[in-house]
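Protein chains: 2
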Amino acid sequence: MRLSQYFLPLIRENPSEAQIASHRLMLRAGMIRQSSAGIYSWLPLGLRVLKRVEQIVREEQDRAGAQEILMPTIQPADLWRESGRYDDYGKEMLRITDRHDREMLYGPTNEEQVTTIFRDAIKSYRDLPKNLYHIQWKFRDEVRPRFGVMRGREFLMKDAYSFDLDQAGARHAYNKMFVAYLRTFARMGLKAIPMRAETGPIGGDLSHEFQVLAETGESEVFVHPDYLEMDWEKFDDSWDREEGRDALGTAVAHFTSLYAATSDIHDPAKCPVPADKLVTARGIEVGQTFYFGTKYSKPMGAVVAGPNGEEVPLEMGSYGIGVSRLVGALIEANHDDNGIIWPESVAPFRVGLINLRASDAKCRAAADALYDRLRTAGVSVLYDDRDESTGAKFAAMDLIGLPEQVIIGPRGVAAGTVEVKHRRSGERTDCSVENLLARLAGK
Amino acid sequence: MRLSQYFLPLIRENPSEAQIASHRLMLRAGMIRQSSAGIYSWLPLGLRVLKRVEQIVREEQDRAGAQEILMPTIQPADLWRESGRYDDYGKEMLRITDRHDREMLYGPTNEEQVTTIFRDAIKSYRDLPKNLYHIQWKFRDEVRPRFGVMRGREFLMKDAYSFDLDQAGARHAYNKMFVAYLRTFARMGLKAIPMRAETGPIGGDLSHEFQVLAETGESEVFVHPDYLEMDWEKFDDSWDREEGRDALGTAVAHFTSLYAATSDIHDPAKCPVPADKLVTARGIEVGQTFYFGTKYSKPMGAVVAGPNGEEVPLEMGSYGIGVSRLVGALIEANHDDNGIIWPESVAPFRVGLINLRASDAKCRAAADALYDRLRTAGVSVLYDDRDESTGAKFAAMDLIGLPEQVIIGPRGVAAGTVEVKHRRSGERTDCSVENLLARLAGK
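Protein chains in written order, with the working numbering: chain A, 1203 to 1645; chain C, 1203 to 1645.
So here's chain A without its partners, still in its complex pose (with noise of 0.2 angstroms):
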């Protein structure tokens, strides 16, 4: 994309609304826009950021066998009615009534309604386990939204529901999606410690948070020293086969081996890791499994039958991930003073190409050219095409953050090479646009 065609609205100084960095980056960077308070448009370059961290929370559920489905946002009130939780929710729900007075709502979570859904379809055992997700725009009626994305009133959460016959096996789908968890934010970049969790309006005995640690986090946890040097990105895919349900509850064992809370559950008097050792922190929440077995499935009456022909109430879990949210999580992980610094997997282009004198007609016919090459080779690139200032083309680009930046000058354009800066460790090297093509094809 040119940049000089791209609508990539840049802001210079720092919104005076924005408290974290993530809110302030997402604005100066262009990639959001408010539209009232919690509620954000999102712009091209945004966009592509949301969109590549949906796809990687897409693969991993479709990789542990949970099959993708497309709930409406709007629920009608007598659902909830039916599993109790209608009064419950308060405020946060938002309200609705349509031009019928029937009493309808935004959707917050999805357990009512994916539980009549596959109370109707579903009539045997044979036909369990399942688990079915989908990723949707929520709403929750936030009293104070504040931070950007990360607690917006409208935002996309991934949100998985497990079906099982019995407690072992939705203690195992509970597993899979754990581990699941734990691939996709590896796969971003992220170490996201698992803890256990209150389980809130969801319900359930069994839930855990997964944090991200960064000093905006909004909620105070306490972990092990260990989390910090564990290898998250070591996986056996083993795990993923059905004869792997033991080699999944060992996994999942050892990832929650070690003392990790948030303050709602942590008690320094049983915490048994010494105080001097324990880690105290801030974390972001981008994911909380439950497991709630009957709870929505006995006062709904979603139960099939048995091998012996009894009735049986679905055991079930929910597994949530806040995708918008993970945006800016990803952000408040990774940027300085000077912008962001995306990780490969969800950077919005893999490359900037900086044309140093757009008015120079050499420059200007390497640049293009380099451009044409690097699309043909499959490699993504934001092509910084502007007749601007080379210290607003290098601001640009490293408040922007891509990985890697490409720039043609005229004293490359005559030794045959380009600079290459690598964005997060700063490095500059030179080399030849052969080197750089074979290096980044497909990229």
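No lab work stands behind these hints: they were computed from the structure.
One thing to keep in mind: the hints can contain errors.
Same chains, same label: a pair holds when it works inside one copy or across any pair of copies.
Unchecked claim - Lysine-lysine pairs mimicking BS3-like chemistry, simulated, CA-CA at most 27 angstroms apart:
#, residue 1, residue 2
1, Lys1253, Lys1393
2, Lys1393, Lys1623
3, Lys1645, Lys1623
4, Lys1253, Lys1332
5, Lys1645, Lys1253
Using the hints, position chain C against chain A.
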């Protein structure tokens, strides 16, 4: 995907609530389930089609130079007061009051919202032209929702918005979208005839509806007989280039040269086609384009500095495609008594693999092996590995409507062949596995 594991709740009998073929077949084929009046959940099979339709729409928008953004579903009422449309929209607008008693609404369209975003970002004529689109759920509180996803309340729409300095530019932007629409529908195998249309609550004085002829269409349309013979798939790439401004105008003139009108506009007294030649038919509106000039930019102060520094209000147009409705329209145009007949470009899977004897070890081994080889060759395949009767399997596969069925039975296994049934023609042929794989690879 193995059918034994797929969440695909098929229904044998025609559901009594469904009046038209697409609604009936989408329910029966397990594509959708109703949540409440005019609001649907998309199950795995339906979502696959919805995404393929969405992706074709996206690719043709991108090809036409439009840039994708994503605006929220919930908008502040004040935005619509700025344009003066808040009261115009009547009861079709779903109005919402949030916890702080602020008036909000679920967007039925986004002219106001995109105008605000653009107004705050773009200050100079040098940044024009631009076209921003998004694919997002909308809500129109229809008094009588019906026909399944064809006239739902919550529906997925692609809406694009063009911004230009002058009328000539805006007309060019209109023509670009017009041709993008012809391409979009042609890729889905649909003949969508552009007809001059009323502008309704969007406004402006130039508008076309794109109507697919189908018996169950809700509009009565009157078209020149030559439209039925026109080659809708012949497009000249020169239209895409900036130099192609004239070619684009010629193309639009060609496709609008013949008489075509909806009953809203049709006047028998003024119709240039003799009554005995005029084709009277039913049409399904799948898209609409609007040029409305400064209708929104003037009241909302969306201006840029022109070449001489003067303030120029933006010339705008908007362009909608009913993405979820298209799934219904495609079925209306492609079905028979046995079920759906998907065009290849939007089929949820390319191939349905049927193992006639799930209990026979040799058949199962042959079918399992072919399933793996097809997937390895990049063919999307739904594999009916269930232990059901032959009749039930054939009926299910015809209902689902995948382009080709590959049938494995004892006779073929012995002879080293498979039987291939073409869903549309009903033609059956025997062929070797190698020939099948060579023909289908990558589809």
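Now for the hints, and whether the structure bears them out:
1. Lys1253 x Lys1393: For Lys1253 and Lys1393, the Cα distance is within 27 angstroms only inside one copy (21 angstroms; across copies 32 angstroms).
2. Lys1393 x Lys1623: within (26 angstroms within a copy, 51 angstroms between copies)
3. Lys1645 x Lys1623: Within one copy only: 16 angstroms inside, 40 angstroms across.
4. Lys1253 x Lys1332: both (26 angstroms within a copy, 22 angstroms between copies)
5. Lys1645 x Lys1253: Cα proximity of Lys1645 and Lys1253: in one copy and across copies (16 angstroms, 24 angstroms).
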